[in-house]
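Take the sequences, apply the hints, and build the full model.
Per our numbering, residue 6 is the first one in the sequence shown, and the count goes up by one each step.
I should point out that these hints are in silico values taken from the structure, not numbers from a laboratory. Careful: at least some of the hints might be erroneous.
Pair by pair, the computed Cβ-Cβ distance ranges are [what the hints assert, rightly or not]:
id: 1; residue 1: H123; residue 2: E15; range: 34 to 40 Å
id: 2; residue 1: Q11; residue 2: A92; range: 28 to 34 Å
id: 3; residue 1: H100; residue 2: E37; range: 15 to 21 Å
Just so it is clear, CB atoms sit at the ideal spot from N, CA and C, and this is done for glycine as well.
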Amino acid sequence: ELYAPQTALEKFDVEGHPVISGDEINGIQVLESDCWGAEESVSYFYKGILHTGDSAAYPTAEGVKVIFSACFPDYYDEYLSESKRLAPELVIPFHYDPAEELEDAQGLVEQLKNAGIHSRILGIGESIEV
Numbered sequence: 006e007l008y009a010p011q012t013a014l015e016k017f018d019v020e021g022h023p024v025i026s027g028d029e030i031n032g033i034q035v036l037e038s039d040c041w042g043a044e045e046s047v048s049y050f051y052k053g054i055l056h057t058g059d060s061a062a063y064p065t066a067e068g069v070k071v072i073f074s075a076c077f078p079d080y081y082d083e084y085l086s087e088s089k090r091l092a093p094e095l096v097i098p099f100h101y102d103p104a105e106e107l108e109d110a111q112g113l114v115e116q117l118k119n120a121g122i123h124s125r126i127l128g129i130g131e132s133i134e135v
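This is the structure:
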């Protein structure tokens, strides 16, 4: 089943269940998000894993262990500030094409590591234990 903001379901012409901030789906909390260029967007939080979408302004969540963060270079400072605020065990960049340049993801990992925040790139098919 697919859960997404109504505008995303309409934009991509897919069947699914619309969600808004404050919803909960099988233990997954739907949180506010501010994604650049999106009419509406959400973040998802489940068992310590926070998926922030394209947002550089992470929602507040208790017990964040892992953050999946976009890695647009113009927002590195915001990602760093938000990661410090939530203090996760690990930040994993996403929203890049792993078959092409990893430069944006590597840049975020380097900036976070320089600030003492554990961060790494996941390879295709790789997983982590949380």
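These are the hints, each one checked on the structure:
no. : hint                      : in the structure
1   : H123 with E15: 34 to 40 Å : holds (38 Å)
2   : Q11 with A92: 28 to 34 Å  : holds (33 Å)
3   : H100 with E37: 15 to 21 Å : holds (19 Å)
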